[in-house]
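Chemist: Here's the letter readout for the chains.
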Amino acid sequence: MSNAVTTIETASAEPIVHARGLRKHFGKTEVLHGLDFDIPPGRIYGLIGHNGAGKTTTLNALLGLTSAEGTIRVLGKDPFAHRAELMENVAFISDVASLPRFLRVRELFALLTNIHPNFDQQKARTFLEGTDVKMEAKIKQLSKGMIAQLHLAVVMAIDAKLLVLDEPTLGLDITYRKRFYRRLLEDYMTEERTLLITTHQVDEIEFMLSDIMFIRDGDLVLHMQMETVSGKYAQLIVGPDHLEAARALRPIYEETRFGQTAMVFDGVDRSELEALGQVSTPTLSDLFVALMQRTPSNSGAGQ
Amino acid sequence: MKSFVALVKREYLEHRGAFLYGPLIIIGLLVAGTVMPFLVGRFRADYFGDQIEGTLKFYEVAFIAAIGGWTIYLIITLFFYYADAFSADKRNNAMLFWKSMPVSDLKILSSKMTAGLTVFPALVFAAMLFSGAWAYVMALMVHAQFPLFAAPDFLAAFNSFWRLGLVAIVFLALVLLWIAPLLAWVGALSTVVGRWAMPLAALIPAILVLLENVFFKGPDGGVIFNYLRYRADFAWASNAVRNQILTLGPVDMVRFTADLLSHVNWVQMVAGWAFAVVVIVLASEYRRRTLD
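For the record, the sequence lines run as chains L and P.
Residues in the first sequence are numbered from 185 upward in steps of one, following the working numbering.
Residues in the second sequence are numbered from 214 upward in steps of one, following the working numbering.
Don't take each hint at face value.
Cβ-to-Cβ under 10 Å is the rule here; a few derived chain L residues that face chain P [to be verified]:
1) Ser-278
2) Ser-282
3) Val-348
4) Asp-401
5) Val-405
6) Met-408
Covered by chain P, according to a simulated footprint, are these stretches of chain L (three or more residues, beta-carbon under 8 Å) [as the list claims (entries may be wrong)]:
7) 215–226
8) 248–261
9) 285–293
Source of the hints: derived by calculation from the structure; they are not laboratory data.
Glycine included, C-beta positions come from ideal geometry on N, C-alpha and C.
Could you put the whole structure together from the sequences, leaning on the hints where they help?
Modeler: Below, the structure is given as structure tokens:
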């Protein structure tokens, strides 16, 4: 396990995803440094990290799209060796522009009906009701937002145990993004289904996450349930008069906002902080900024 | 099996242009190119007038020529299909979508291989049959211009039509099975290098021939070159076709088919299939391990 990771075991049920010592090399560069984690069923996981942190590589390893060292089991199977078999119960969107553009929507559904044993065409048609996507439309003529809706309809019509979404709303406007996540939550999620999602727009998915994993430079630096975040982390808004007293409690992050100082603390008793200023639970983006500070690998390049 | 058929259908939907619309355009040009001159009195059949025994033989030769022409068209379009289709998912940014389906990379590439050897030839075969039927219309035109030649008897022409149709099936199947290793080679290269497969399909063997001739002493031209020349020769087919065209009587379907089957080198045929299977499996393994 990576040295700085914070992990709180979440459930005793057979995990949907089990990874131990997950490593990946591109040439001589190691981009994943031995990740250890389990994802139990029925949870909504957010995998969050900077560009190049290793999110997509991790997802690709879980989906059997790339080989990796270590042990990975998804639904009990080695994903790289059994990708095709695994995809009967795993659905994913890695890029909303990846739908076959030469097909009409109707043709796509007809093909999927025959290719995917767990695809329900009627469900997919129902999900498209109320959208501007027409069955006779050619996919290449749809807008990016409409393609995203279509792709979401496709994966939601697949009766899968694990749904993986890698930046599913990249490039979409706020209306589409909100509608996308709302439908996902309302129409798809059940206790038997697990959702693993990566995005840079962490504030937009915070409300739906049950667990978070922060990945930084190929290491897992945080893995915990959302409800335990408030017990471990606290944010303090402190005025100039209590600044030094607050600093003495060793915040993990500090920044000045509009003349006030915001600090994030790890494992400090809230009652101690309340005497110094206004205490709250940090948002996911605040926590992200606090925990993911890093020195760029080429920071000395200009010297 | 259901998913495999669906994948073959997907190939049809994605690549039907060259095999459905292309032949339809050519047929349209053929029909227009014969009907319009006839209607304006500029149809010229005197090229054949003193060389052909009767309009029935004219009809048969025209049909055989159509079979040959469509076969060449098919080989060329299949070459481009394999060079294009095996890398189409990567080029169209659809790789991740197809990888999210419960089908293996081997199944996907096999479906492309199968579509190229079944569905698309079937479409071109339909064009062949239409050309055969149209050859009868052309024979009637020849008769209209040269009334001394007997009008082609419909029953005799129909008899020739189905016999030549059956011969065309056997001929086409053998040609496709003979060139399957070439098509698999182009497809496998396309999986790795995309459309660069087109020049590389010839360049790589050319380099091997060159290296063999530079570094090894062997037969004139080298073993590789002589083998490739043999594979490209189609002597087994051309002899059978020539025998039927030069004979004065109607096409003998049994003799034609026997001629074709007996002249095929079946050991080489099977060796070619084995090569095709190996390169497709290797290509699927490459595709399984790569995303870009």
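Chemist: Kindly indicate which numbered hints from before are broken by the structure, ordering the numbers from low to high.
Modeler: 4, 5, 6 and 7
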